[in-house]
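Visitor: The listed protein sequences correspond, in order, to chains U and R. Note that this note's numbering has the first sequence beginning at 19, numbered continuously upward. Note that this note's numbering has the second sequence beginning at 1286, numbered continuously upward.
Calculated directly from the structure, the hints in this document are not laboratory data. Note that the structure is a prediction, hence the values are computed from the model and not measured. A virtual CB, placed ideally from N, CA and C, is assigned to each residue, including glycine. There may be inaccurate statements among the hints.
Said to hold, decoys possible - Partial list, computed: chain R residues near chain U (C-beta under 8 Å):
#1 Asn1326
#2 Ile1331
#3 Met1410
#4 Gln1423
#5 Phe1486
#6 Asp1589
Said to hold, decoys possible - Calculated cross-link-like contacts (lysine-lysine; reagent style DSBU-like; alpha-carbon spacing at most 35 Å):
#7 R:Lys1578 <-> R:Lys1553
#8 U:Lys82 <-> R:Lys1316
#9 R:Lys1503 <-> U:Lys152
#10 R:Lys1611 <-> U:Lys92
#11 R:Lys1611 <-> R:Lys1375
Given next are the chains, with one letter for each unit.
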Amino acid sequence: MSLTLLNVIFAVVVAIAFAAANAAYLVWAERRGAARIQRRPGPNINGPFGLLQPPLDGIKLMAKQLIIPGGADKVLFIGAPVLAMYPAIMSFVTIPFSDSIVAHNINVGILMIFAFASTGSMSLIFAGWSSRNKYSMMSAVRAVSQSVAYEIPMLITTITVVMIAGSMDLMEIVHQQSSSILHWNIFPLLGKSHNILMPASFLIFFICTLAETNRAPFDLGEAESELVAGFHTEYGSMGFGLFFMGEYANIVIGSCMTTILFLGGWSCPFGLFPGVWWFLLKLYLLIATFIWIRWTFPRTTIYGLLNLSWKILIPLSLVNLLLTAGLIKVF
Amino acid sequence: MSSPIQLQTDETFVLNVGPQHPATHGVLRVKMEMNGEYIVNAETVIGYIHRMHEKMGENKTYPQYLMNLSRMDYLGALGYSHGHVLVVEKAAGIEVPERAEYIRAIMVELNRIASHLFWFGAFVMDLGGFSPLMYALQDREYILDMLEAVTGSRLTYCYFRFGGLYNDIDDDFIDAARRFIPRMRKSLIKYDKLVTGNIIFRKRLEGNALLSKETCRKYGASSAVARGSGINFDVRKNEPYSVYPDFDFDVPVYHEGDSLARYMVRMKEMEQSLRIIEQGLDKLPDGPIMPKKKPKLIKPPAGDYYQAVETARGSFGVRLVSDGTKTPYRLKLRSPTYSNMHLFDESCRGMMIMDALAFMGSLDLVIPEIDR
Chain U
19 MSLTLLNVIF AVVVAIAFAA ANAAYLVWAE RRGAARIQRR PGPNINGPFG LLQPPLDGIK
79 LMAKQLIIPG GADKVLFIGA PVLAMYPAIM SFVTIPFSDS IVAHNINVGI LMIFAFASTG
139 SMSLIFAGWS SRNKYSMMSA VRAVSQSVAY EIPMLITTIT VVMIAGSMDL MEIVHQQSSS
199 ILHWNIFPLL GKSHNILMPA SFLIFFICTL AETNRAPFDL GEAESELVAG FHTEYGSMGF
259 GLFFMGEYAN IVIGSCMTTI LFLGGWSCPF GLFPGVWWFL LKLYLLIATF IWIRWTFPRT
319 TIYGLLNLSW KILIPLSLVN LLLTAGLIKV F
Chain R
1286 MSSPIQLQTD ETFVLNVGPQ HPATHGVLRV KMEMNGEYIV NAETVIGYIH RMHEKMGENK
1346 TYPQYLMNLS RMDYLGALGY SHGHVLVVEK AAGIEVPERA EYIRAIMVEL NRIASHLFWF
1406 GAFVMDLGGF SPLMYALQDR EYILDMLEAV TGSRLTYCYF RFGGLYNDID DDFIDAARRF
1466 IPRMRKSLIK YDKLVTGNII FRKRLEGNAL LSKETCRKYG ASSAVARGSG INFDVRKNEP
1526 YSVYPDFDFD VPVYHEGDSL ARYMVRMKEM EQSLRIIEQG LDKLPDGPIM PKKKPKLIKP
1586 PAGDYYQAVE TARGSFGVRL VSDGTKTPYR LKLRSPTYSN MHLFDESCRG MMIMDALAFM
1646 GSLDLVIPEI DR
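Okay, chain R solo, but in the shape it has when bound:
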C-alpha cells in the first residue's frame, strides 16, 4: 500500500497527469515518473491559471480589489473575502457593527459547508463512486440558493464591505437557514451510511498516504490535512478573530494521518459549522450592518498588517503593507492549498497511481487558489 516498495528496475517512464486530467480537478499538472503502476517521483507543476491577484492588489484601490478575493477559491469564496476585509479594517481602524460580524460568520460557515460538500462528492468520484456527488450537490444547491438571495451571486460573492456588509439578511433567509440545519444533519447521517461505512471506500483509504506531524509542520499544512495528522490547529480557536470566541464549537482532530482521517475531519467539521450557524442565528443582534462613521476613501496609515482566517481549505493569511496611499504597497496572500499541495511530491513516492490520486483528492485542492 503506501509503504515504498523496493523497485526492481531502473526503467521508468514519465506520465503527465494534467493539466487536463479528471483527477486533478482543475489545471494542475503532475509530472509522475512511473515504474509500472508505482510512482518513483512526482513533481507538481503549477501556474496554469495564474492571474496575478497579488499584483492586481498593488494596482487597485481597496474597494476595487474586493471582488478579486472571491475569484481565488471559487468553492469557499466568502472565507477569503473575510480575511481581506478584516485586515483592511484592522489597518484603517474601521469599527464593524456586531450584527455584521455575526452575519459574516454565519455566511462563512454556510460557505464552508458548501465547499466541504462539493469536496465530499468530488472525492468519492475520484474513488470511482459517482452517486454521492449528486446527493452532495443537492444539499449544496440549497446553500447556494440561500446565499444567492442575500448576496446576489452563487459562487463569486462580493458581499463583505469594509466595515460591514452589502446587504442585510431578512426573515426568509433566517427561516431557510433554520430549516437547513436539521436537513443537513440528516444528510450527514445519510452520507455516513452511504459512503463512510462502505467497505471498498474504507479499504482504499485506511492507511493510505500516512502523513506525520513533522511532514505537515515542515510544509506548513493546515486544515484537515494537519488536523487529520493530530495537529490541533484551527485559526478560529488558536488565533480568534471576528466573533468566533462567542461560539461554542469543537475542532475535530484525528491522529491516524491517513486519507480516511482527513475525510473524517472534514465530515465532522460540517457538523461543527452547523453548530456555529445555529448559535449565530440564536445570538444574532439587531442593529446596523454598516458603521456610522466610515472614511470615504480608505487610506490605511503606513504599516505592516497581517490577518489569518480559517477558510474551508485551511489557514489563509493576508499580509498588507501600506504606504499610506489609496493602493496597498504589497498585498501578500498566503493560500492554504499551496502548502497542502506541496506535501504531495514527497509523500506520494512509492505509491501506486490510484492510491496517489485518492491521496490527492483527500488534500482538497482548488487550483485557482494555488496559482492566485
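The shape of chain U in the complex, shown without the other chains:
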C-alpha cells in the first residue's frame, strides 16, 4: 500500500471517529441541556454525570432487531440511514480545525461540503418513500420542499463569503479573517468588504443551517406531534440510531461551516491558547445555541417555513450578495 492510500484511510478513520464521538456525546449534551432548561436532572445515573449513557444507548440499539415493514423497499430502507450518516463523515475530511489539523485540504472544500450536504436530504426522501407509511411519506415531501427552499439562501450567502475571500479553499478563507476580530466575516470592518449587512448574512446562514439539519423550530420532517416521528417512524434498532447520529453529525458540520465562514475559524481574538481550542470553543458555543433554540421555540408551520425562505431570506441574501459585490468593486 502506498503512503497516500494509508493517509486517506487514516483521514477517514479519524473523521469517522470524530463524527461518531461527537454525535454520541451531543445526544448526551442535548439531553442534559434540555434537562437544565426544563429544571430536571436529565440522564445522571450511568457513570459520572450520566456520561456512560451514549455508549449504553448504542449497545441497546445494536442489540435490537431491525424490523423491515412488510411491503417496504428493502434496499432503500436499509440504505437510507447509511445515506444519512455518510455525507457528514465525508465533509469532516476537508474541514480545517487549525493551521495544521486537517485531514485532507482541497482547494474547493466548500464545493465538496455543499455537494455532500445536499445529498443528505436524499436519505430523508428514501426513508420516507421506502417505509410504506403515510406519515413517513408526508414527512419526505416536506423535507424536499424544505431543503429546496433553504439551500438557495444558504448557497447565496456562501457565495457572498467566497466572493470576499476570492477562494473556495476553507484554509484560505480562514487565513483572510485571521488578522484581527474585525476581519471576521460576521462584521468585517477591516477586511476586504466593508459590508455592514454581513451580520444579516450570518443570521441567514445560521437559520438555514437550522432548517437544513431539521432542527426545531424547523423540524417539520420529524414533527413528532403531527407525523409521529416523520421519516424514521418505521425505523428501530441501529437504523434509527444512524438517523439520530446523522442529525448530530450534520449539526457539527453546520456549526463548523458557520465558524469557518463567519467567525474566523481557528483565529483567536487574543491568543490565550492554540487556535484549535478557539475553533472548538466557537463550534460548541454554536452547538449550544442549537440546543437552546430547540428547547425554547415551538415548531413553525410548513407555510411559515416556506414563506420565511422565499419571501425574506432569499431576497435579503440576494441584496447582500449584490451589495458585497459592489463594495468589493469600490474599495
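Fit chain R to the known structure of chain U by using the hints.
Guide: Relative to the frame of chain U, chain R by itself:
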C-alpha cells in the same frame, strides 16, 4: 390558513390519526381524508375507552358509584364528582354544611387549575415546544401534593360524600394554599412571557380554526371553546350552584373565536380560579363537614333531577332518574368534551394537518371523558 382552499384533484388518501397518536392525547381516532397536507374530510371515531359508566350507574348503589365519576376525567376529576354529589343531594334532600361547600369549591378550583396547567403544557407540546410542559407540571405537582394530603389520592379522587366530605382540611393545607396563590400568579406571568408572547406561537394560533357563535351553539360547546367565540356562558354564573354566588369572579370572554382566544380564556380562567380560592380561604366558616342528619341508605324519591356544573372542560350535567330504589333508574352524564370534540369534524375541513392538530389541542380533549 384556515380558509378552505380550492382543491385541485380528486385524488385523496385516508390518514388514520390515532387511536395511538401523539397528538390525540389518548385513544381518539380521527379518520382524515387528505389531499396532500390538506384535510378534505375528517371523521372522529370514539369508543376505544368506553367503560359503561352510565350503565354502571344503574347497577351500583349511590355511594358505590362515587368513585366512578373521578375515572371519567382524570385531569379535573373533582368537578365531576361535584356534579354527581350535588344532584344526589338535591334528589335525596340532604343538607350540606356550609364549610363543606366552601371546601368543595376550593378543591374544585384547585383541580381546575391543575387541569388547565396540564392542558397548557400539552397544548404547547402539540405545537412542538416541549419545555413549558415541564414548568406547568411543576406547578401542577404542588397542587397534587396539596390535594393528596387531604383527599388521599392524586388523580382519581373519591373525596366528596353525599352531604359533605370525607376529610376536613387542616392548617397545613390552608398554609400551602395561601403560599400557592402568589406562586401561581408569578408562574402565570412567566408563562405569558415564555409562551404567549412567542412569535411562532402567536402566528400559528392567530386566525387558526375560527369558530363562529353559531357553530358553538349548534354543537352545544361550552367552556373555553364557547367563551373564546364570544358566548358568555359559565354555569357558575348563569346557573349558580353550591356557594359560587358568594364569590366575586369574572368570566373571561374573547370574541376572536380562534385558537389563541381559546388559549387566552383558559389562561385567564386560572387567574379567576385563584381569586375564588383566595376568597374561599378568607370566608371559610367553621363547623362540621358532614350533616348531623343523614339517611343511612340513600333512596331518593321517584323523580327526575338534573344538575349542571362548570368543570375544567365545560358544562357537565348529571341527569338522575330515580324510581325510589337504592340504585338509580337512569344516570345520564352530559360530558362537555363530547360536544366540544364534534366541532372538529366540520371545522377542520380545508385546514392543513398541523393547523388541525393545533386546533384539536385547543379544544382540550380528554378521551375517557368522551367515551365514559
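Visitor: Provide an ascending list of the numbers of those earlier hints which the structure does not satisfy.
Guide: The structure breaks hints 1, 2, 6, 7 and 10; every other hint is satisfied.
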